[in-house]
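Below are the chains, spelled out letter by letter.
Number of protein chains: 2
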Amino acid sequence: MNMTEHNTLKPNTSVLELINKPKTARGKKTLARILKAAEDLFSQKGFYNTKITEIVESANVASGTFYIYFPDKKSIFRYLMEELNHALRKEIVEATVDCKNRKEEEKVGFETFFSFVNKHNGLFRIVWDAQFVIEEAFMEYYENFAQHYLVGIKKAQKSGEVKDYDPTTLVYCLMGITNFIALKWIIFEKKPVPQKVLEDVMKIISEGAFNLPE
Amino acid sequence: MNMTEHNTLKPNTSVLELINKPKTARGKKTLARILKAAEDLFSQKGFYNTKITEIVESANVASGTFYIYFPDKKSIFRYLMEELNHALRKEIVEATVDCKNRKEEEKVGFETFFSFVNKHNGLFRIVWDAQFVIEEAFMEYYENFAQHYLVGIKKAQKSGEVKDYDPTTLVYCLMGITNFIALKWIIFEKKPVPQKVLEDVMKIISEGAFNLPE
DNA sequence: CCGAATCATGAATCGAGGTTCATATTTCAT
DNA sequence: ATGAAATATGAACCTCGATTCATGATTCGG
Chain A
81 MNMTEHNTLK
91 PNTSVLELIN
101 KPKTARGKKT
111 LARILKAAED
121 LFSQKGFYNT
131 KITEIVESAN
141 VASGTFYIYF
151 PDKKSIFRYL
161 MEELNHALRK
171 EIVEATVDCK
181 NRKEEEKVGF
191 ETFFSFVNKH
201 NGLFRIVWDA
211 QFVIEEAFME
221 YYENFAQHYL
231 VGIKKAQKSG
241 EVKDYDPTTL
251 VYCLMGITNF
261 IALKWIIFEK
271 KPVPQKVLED
281 VMKIISEGAF
291 NLPE
Chain B
81 MNMTEHNTLK
91 PNTSVLELIN
101 KPKTARGKKT
111 LARILKAAED
121 LFSQKGFYNT
131 KITEIVESAN
141 VASGTFYIYF
151 PDKKSIFRYL
161 MEELNHALRK
171 EIVEATVDCK
181 NRKEEEKVGF
191 ETFFSFVNKH
201 NGLFRIVWDA
211 QFVIEEAFME
221 YYENFAQHYL
231 VGIKKAQKSG
241 EVKDYDPTTL
251 VYCLMGITNF
261 IALKWIIFEK
271 KPVPQKVLED
281 VMKIISEGAF
291 NLPE
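One line per chain: the protein sequences are A and B, in this order.
Mapping to the numbering used here: the first sequence position 158 is 238, numbers consecutive.
Mapping to the numbering used here: the second sequence position 169 is 249, numbers consecutive.
FYI, nobody ran anything at the bench for these hints, they're computed from the structure.
There could be a bad hint or two in this list.
All copies of an identical chain are treated as equivalent in the list; a pair is satisfied when it fits inside any one copy or across any two copies.
[Said to hold, decoys possible] Each computed DSS-like pair below joins lysine-lysine, with the alpha-carbon atoms no more than 27 Å apart:
#1 108 to 243
#2 125 to 154
#3 103 to 199
#4 131 to 234
#5 116 to 154
#6 153 to 235
#7 271 to 125
#8 276 to 170
#9 125 to 235
#10 243 to 271
#11 235 to 180
#12 101 to 276
#13 234 to 271
#14 234 to 170
#15 276 to 238
#16 187 to 154
#17 271 to 101
#18 103 to 238
#19 283 to 183
#20 271 to 153
#21 153 to 116
#22 170 to 271
#23 270 to 234
#24 103 to 116
#25 199 to 108
#26 270 to 101
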């Protein structure tokens with residue numbers, strides 16, 4: 081077992097270089113087809129139930145071709161995870177740039193997250209599958225997401241917009257809420273998250289769940 | 081493919097009979113050893129990374145013995161899932177019997193959930209792994225849990241203790257919060273959930289996260 | 001338009017691990 | 001005490017799927 085240097089939680093650690101980058105138009109197309117096929121299949125059936133055979137078949141390439149771009153099955157999985165992570169964060173950042181206040185920012189962030197999961201509803205399955213495919217990746221994913229979230233929350237606490245709880249607790253509560261709401265609607269019900277639900281969620285995190293005892 | 085009758089979401093569907101029940105003291109002990117070994121291994125390494133070989137070795141039985149009690153690898157996984165599900169619900173019900181109001185009930189419920197996950201920290205890994213092992217089981221698990229939760233929440237809404245949101249939304253928010261707080265602390269940090277965190281969580285769901293703009 | 005680099009092929013390899021089964025041992029009701 | 005039922009054994013089987021590699025086709029800069 082040749083253990084390579086451990087991959088600590090450095091923010092910008094990228095593993096995307098694991099792949100052998102195509103240098104030709106043809107190569108790029110092929111790689112794209114492979115990635116698409118893999119994302120679809122992993123999303124539907126998970127890592128261990130997806131055969132390389134199926135990926136290459138669905139991508140219309142020979143099995144050997146797969147190994148031109150990825151050293152092994154796990155690499156493509158990890159690659160997809162990072163890709164999704166980046167894409168999600170990018171969408172959220174872009175969607176929230178000109179929000180007037182933190183509350184609006186949360187709302188738009190939630191909406192963006194829901195629509196992203198709706199588009200890439202394999203995100204969950206891939207991320208959750210990760211804990212048994214590439215152990216570190218799973219924690220890395222959420223801790224990373226939380227860290228970015230944290231920055232915004234702390235700022236909003238300084239400005240007085242957000243109450244003075246332990247910010248990490250708040251961040252994990254908010255991530256929990258969005259993840260489970262998306263799970264319920266997009267994964268279980270196979271529908272977009274209804275507007276009414278989004279609004280109730282906003283009310284819950286604004287006003288709490290309980291009525292005051294009179 | 082001989083598709084057996086589809087397992088709809090009937091509350092009390094039990095699959096525990098999948099196993100060949102032992103009729104002897106010896107048999108019971110053996111089965112218990114196998115279950116313990118399997119729970120440990122599945123928790124640590126997930127379903128697909130756990131070999132029958134390892135389970136039986138860790139349980140000190142021969143490979144054939146495994147198949148006396150379970151028809152195949154998936155059965156024992158499913159069995160464990162149900163067992164955990166029942167155990168968790170039982171603990172929560174028992175812990176909350178004499179709570180004075182819904183808010184206290186939530187708090188005690190949260191505490192019990194955290195302590196359960198702390199004791200059986202494989203619960204998460206097993207449940208989340210499930211979506212790729214036994215697809216229905218994953219959704220079944222959460223929907224089932226949600227349904228029980230819902231009953232209590234609706235009651236508390238009638239009595240006016242809980243605000244009048246869509247109860248399903250509220251339930252999934254609360255499940256999301258507890259699951260992610262447990263994830264952060266018990267799984268990622270490998271520590272029990274600190275008291276301060278529990279208190280902040282309670283405040284968040286009581287008072288919300290935002291300060292009112294003055 | 002040539003040839004070195006790139007990309008593609010797919011049959012063959014190889015190891016892994018779930019499951020079976022013929023045989024042996026243990027239990028326990030009578 | 002006894003034998004039928006219940007348990008236990010573990011080597012052998014068998015399938016499946018990740019990966020390799022020798023060979024062939026394409027690309028594209030100069």
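So, going through the hints one by one against the coordinates:
Proximity of residue 108 and residue 243 under a CA criterion of 27 Å is satisfied in neither setting, with 49 Å inside one chain copy and 54 Å between copies. Taking identical chains as interchangeable, the C-alpha atoms of residue 125 and residue 154 lie at most 27 Å apart whether they share a chain (15 Å) or sit on different chains (16 Å). Taking the closest pair of Cα atoms, residue 103 and residue 199 never come within 27 Å of each other, the shortest separation being 29 Å inside a single copy and 52 Å across copies. In the homo-oligomer, the alpha carbons of residue 131 and residue 234 never lie at most 27 Å apart, since the shortest distance is 44 Å inside one protomer and 45 Å across protomers.
Taking the closest pair of Cα atoms, residue 116 and residue 154 come within 27 Å of each other only inside a single copy of the chain (15 Å); across copies the shortest separation is 30 Å, beyond that limit. In this assembly of identical chains, residue 153 and residue 235 lie within 27 Å of each other by CA distance neither inside one copy nor across copies; the values are 41 Å within and 50 Å between. Proximity of residue 271 to residue 125 under the C-alpha cut-off of 27 Å is restricted to the intra-copy arrangement: shortest distance 20 Å within a copy versus 33 Å between copies. Only within a single protomer do residue 276 and residue 170 lie at most 27 Å apart by alpha-carbon distance; the minimum there is 26 Å, versus 33 Å between protomers.
Taking CA atoms no more than 27 Å apart as the test, residue 125 paired with residue 235 passes in neither setting, with 40 Å inside one copy and 39 Å between copies. In this assembly of identical chains, the alpha carbons of residue 243 and residue 271 lie at most 27 Å apart only when taken from different copies (25 Å versus 33 Å within one copy). In this assembly of identical chains, residue 235 and residue 180 lie within 27 Å of each other by CA distance solely inside one copy; the values are 14 Å within and 38 Å between copies. With identical chains, the CA atoms of residue 101 and residue 276 are never at most 27 Å apart, being 45 Å at best within one copy and 48 Å at best between copies.
When the C-alpha separation of residue 234 and residue 271 is checked against a cutoff of 27 Å, the pair qualifies only between copies, where the shortest distance is 24 Å, while the shortest distance within a copy is 33 Å. Taking CA atoms no more than 27 Å apart as the test, residue 234 paired with residue 170 passes inside one copy only; the shortest distance there is 20 Å, against 39 Å between copies. In this assembly of identical chains, residue 276 and residue 238 lie within 27 Å of each other by CA distance solely across copies; the values are 20 Å between and 31 Å within a copy. For the identical chains of this complex, residue 187 and residue 154 are neighbours neither inside a copy (35 Å) nor across copies (41 Å), given an alpha-carbon limit of 27 Å.
With identical chains, the CA atoms of residue 271 and residue 101 are never at most 27 Å apart, being 37 Å at best within one copy and 42 Å at best between copies. In this homomeric assembly, residue 103 and residue 238 never come within 27 Å of each other (Cα to Cα): the closest approach is 48 Å inside a single copy and 65 Å across copies. Taking CA atoms no more than 27 Å apart as the test, residue 283 paired with residue 183 passes in both settings, with 11 Å inside one copy and 18 Å between copies. Proximity of residue 271 to residue 153 under the C-alpha cut-off of 27 Å is found in neither arrangement, the shortest distances being 31 Å within a copy and 33 Å between copies.
For the homomeric pair residue 153 and residue 116, the shortest alpha-carbon distance inside one copy (14 Å) is at most 27 Å, but the shortest distance between copies (31 Å) is not. Taking the shortest Cα distances, residue 170 and residue 271 sit within 27 Å of each other inside one copy (23 Å), while across copies they are farther apart (32 Å). Within a single copy, residue 270 and residue 234 get their C-alpha atoms only as close as 34 Å, which misses the 27 Å cut-off; across copies the closest is 25 Å, which meets it. In this assembly of identical chains, the alpha carbons of residue 103 and residue 116 lie at most 27 Å apart only when taken from the same copy (19 Å versus 52 Å across copies).
Proximity of residue 199 and residue 108 under a CA criterion of 27 Å is satisfied intra-copy only: 23 Å inside one chain copy versus 49 Å between copies. Taking identical chains as interchangeable, the C-alpha atoms of residue 270 and residue 101 are never at most 27 Å apart, the minima being 36 Å within one chain and 38 Å between chains.
Checked against the numbered hints given earlier, this structure breaks hints 1, 3, 4, 6, 9, 12, 16, 17, 18, 20, 26; the rest are met.
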